[in-house]
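Here is how the chains run, residue by residue.
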Amino acid sequence: MQHRAKILFILIGCLPISLSIAAGVGAYQILPWRIPQILLFREEGFAVLTYVRFPRVVLSAVVGAMLAISGATLQGIFRNPLADPGLIGVTAGAGLGATLWIVLIGSGVLGVWGLPFAAFACGMLVTIGVWKIAASQGSVSTVTLLLAGIALNSFAGAGIGIMTFLADDEQLRSLTFWLLGGFGGATWPVVFITLPIAVIGMFVLLRLAAALNAMSLGESEAYHLGVSTESLKRWAIFGVALIVGAAVSAAGGIGFVGLVVPHLIRLIGGADHRYVLPGSAVGGAILLVLADLLARTVVVPAELPVGIVTALIGGPFFLWLLLRFKREVFL
Amino acid sequence: MIELNQVGYRIGENWLVRDITLTIEAGTLWCFVGPNGAGKSTLLRLISGELTPTTGNIRLFGKPIHTYEPRDFARLRAYLQQKRDVNFPFTSMEIVLFGRYPYLNGAKETTRDLHIAQEALRKVEADIFAERLYPTLSGGEASRVDIARILAQAPELFLLDEPTNHLDPRHHVQILNLCKTLCRQRKTVITAIHDLNLASMYADRLLMLKDGVSVACGSPRDVLTLEQLSEVYGIRFEVLSHPGGYPWVMPSLAH
Numbered sequence: 001m002q003h004r005a006k007i008l009f010i011l012i013g014c015l016p017i018s019l020s021i022a023a024g025v026g027a028y029q030i031l032p033w034r035i036p037q038i039l040l041f042r043e044e045g046f047a048v049l050t051y052v053r054f055p056r057v058v059l060s061a062v063v064g065a066m067l068a069i070s071g072a073t074l075q076g077i078f079r080n081p082l083a084d085p086g087l088i089g090v091t092a093g094a095g096l097g098a099t100l101w102i103v104l105i106g107s108g109v110l111g112v113w114g115l116p117f118a119a120f121a122c123g124m125l126v127t128i129g130v131w132k133i134a135a136s137q138g139s140v141s142t143v144t145l146l147l148a149g150i151a152l153n154s155f156a157g158a159g160i161g162i163m164t165f166l167a168d169d170e171q172l173r174s175l176t177f178w179l180l181g182g183f184g185g186a187t188w189p190v191v192f193i194t195l196p197i198a199v200i201g202m203f204v205l206l207r208l209a210a211a212l213n214a215m216s217l218g219e220s221e222a223y224h225l226g227v228s229t230e231s232l233k234r235w236a237i238f239g240v241a242l243i244v245g246a247a248v249s250a251a252g253g254i255g256f257v258g259l260v261v262p263h264l265i266r267l268i269g270g271a272d273h274r275y276v277l278p279g280s281a282v283g284g285a286i287l288l289v290l291a292d293l294l295a296r297t298v299v300v301p302a303e304l305p306v307g308i309v310t311a312l313i314g315g316p317f318f319l320w321l322l323l324r325f326k327r328e329v330f331l
Numbered sequence: 332m333i334e335l336n337q338v339g340y341r342i343g344e345n346w347l348v349r350d351i352t353l354t355i356e357a358g359t360l361w362c363f364v365g366p367n368g369a370g371k372s373t374l375l376r377l378i379s380g381e382l383t384p385t386t387g388n389i390r391l392f393g394k395p396i397h398t399y400e401p402r403d404f405a406r407l408r409a410y411l412q413q414k415r416d417v418n419f420p421f422t423s424m425e426i427v428l429f430g431r432y433p434y435l436n437g438a439k440e441t442t443r444d445l446h447i448a449q450e451a452l453r454k455v456e457a458d459i460f461a462e463r464l465y466p467t468l469s470g471g472e473a474s475r476v477d478i479a480r481i482l483a484q485a486p487e488l489f490l491l492d493e494p495t496n497h498l499d500p501r502h503h504v505q506i507l508n509l510c511k512t513l514c515r516q517r518k519t520v521i522t523a524i525h526d527l528n529l530a531s532m533y534a535d536r537l538l539m540l541k542d543g544v545s546v547a548c549g550s551p552r553d554v555l556t557l558e559q560l561s562e563v564y565g566i567r568f569e570v571l572s573h574p575g576g577y578p579w580v581m582p583s584l585a586h
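Just so you know, the sequences run in chain order A and B.
First residue of the first sequence? That's 1 in the working numbering, and the numbers climb one at a time after it.
First residue of the second sequence? That's 332 in the working numbering, and the numbers climb one at a time after it.
Worth flagging that the hints you see were computed from the coordinates, not collected in a lab.
Example chain B residues on the side facing chain A (calculated, C-beta under 8 Å, incomplete):
| hint | residue |
| --- | --- |
| 1 | Tyr410 |
| 2 | Asn418 |
| 3 | Phe419 |
| 4 | Pro420 |
| 5 | Pro433 |
| 6 | Leu435 |
| 7 | Gly437 |
Here are the in silico distance ranges between beta carbons for each label pair:
| hint | chain 1 | residue 1 | chain 2 | residue 2 | range |
| --- | --- | --- | --- | --- | --- |
| 8 | B | Thr442 | A | Ser141 | 35 to 43 Å |
| 9 | B | Gln413 | A | Glu230 | 19 to 27 Å |
| 10 | B | Thr442 | A | Glu230 | 28 to 36 Å |
| 11 | A | Glu230 | B | Gly549 | 33 to 41 Å |
| 12 | A | Ile12 | B | Glu356 | 53 to 61 Å |
| 13 | A | Ile17 | B | Phe392 | 54 to 62 Å |
| 14 | A | Leu82 | B | Trp579 | 48 to 56 Å |
| 15 | B | Trp579 | A | Gln137 | 44 to 52 Å |
| 16 | B | Arg517 | A | Ser141 | 32 to 40 Å |
| 17 | B | Pro582 | A | Ser228 | 42 to 50 Å |
A few chain B positions that, by computed beta-carbon distances, are all more than 10 Å from chain A:
| hint | residue |
| --- | --- |
| 18 | Asn496 |
| 19 | Leu498 |
| 20 | Glu558 |
| 21 | Trp579 |
| 22 | Met581 |
Idealized CB from N, CA, C, for every residue including glycine.
All chains, please: the whole structure from these sequences, using the hints.
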């Protein structure tokens, strides 16, 4: 128990460090330890920090936290370490909404807000569809939920495919960039809309941690231990849909964070969800801040989509984890 | 403490359990016996509240079981499942502590909870692998950890679906002795079990099921008779008298 509190404490300590490193690095270099001074005395670099770097690093931290805690929650609900936030259709739904908006309506309509709202609405809609398909007589089967998620995912994928086919060159470019994910569009207004959703959603999910522990024994065991399994599933699925919808709307589809981070956290400190959920949130924040730092610095002056960076690092890393610890963790 | 009144359960046109009426007194050890698919597990799951009867009703302490709040009900009855699969690296100790869930209301475990869990692990001789990862345990070791979890849940009614599966004879005896001890503390134990001789040795009451219907109900001596055994299992048996005074049953070799 003590051990885990220590790990959480260290992780939380690492977050501001990675935030300030990421805020400092870029075309205009700022040493991390000079940041407080620059902020206090409005020295040179103040504008770069407050208008460009801060919204971007804060947004990437928030999105990372949302994706990772969602992954951890869904892995708990489905009792499957391979579950990922995309599973309940919200990511593909949001992608479909975004591509529909870009191709059929035009990415500029309603200013910067049209696209993310279309993505969010469509992501929620698809998750509600998944839920409705899986529900029968007041109860929802996790297996049907999983299968309905897979079915609607491929359906939304087909929709994205059709839109890609119909798109002209310019639309195709913004579409591809959006689907791969990135924080190029991070501004304070985006942060201020995303942050409250993140806080509410994560608060909801953190409260489910103890019930998720009971759930890892099996759904009927959880019931026998006094968990209201139906309400647990409902809160978990809609909590996840809410924050993943917000994350995808703000930054596009960023893979692997939701899958890999919970595993890492379990590897360091065990499987108790009361530790894994907050640990994943902080770990995901740190990871995505650093991934975005790489994305915008390795091919200067261009910028890689951050989704490519997470997949490029996440893939081999996950493989290494799998090979190294398969006995202890994945079994 | 539990009353079943004409309980039946149907899936489609298939009755898995039909017209069971039973009164189970506190402090008794009941064994449900019968061939595979006789409805033993279904009946346990009905009593546990996991399944809702198609007909009839079930009362615990005079109150219909579906009117209990899940958490309150979990303090009164615990259920041991046959199958288990845990895909996350929890230690045995953590698994046993999940048994304290109905008492915690989301709070952290206190030292008292830890103490209860340790005591439960010791009772099934599983304290030596308290810190080992549950998914790495052998079938029998995992069974004992599960039983410890049920003990940590500290209910009035224990529903055990084949608690002796995967266990060696030493632990058969140990688990059933444990059940006896629980009964002496006025707890009630209902198990579904295949080993008729263990049932005969330990049970206060047997309920023999076939095709979801009660064939015989009563003391081991009344239930484990030649005629009833061959009717239910469809093979011939020999019934001897064990020096301990209870019927001793074995399948007969003769055709």
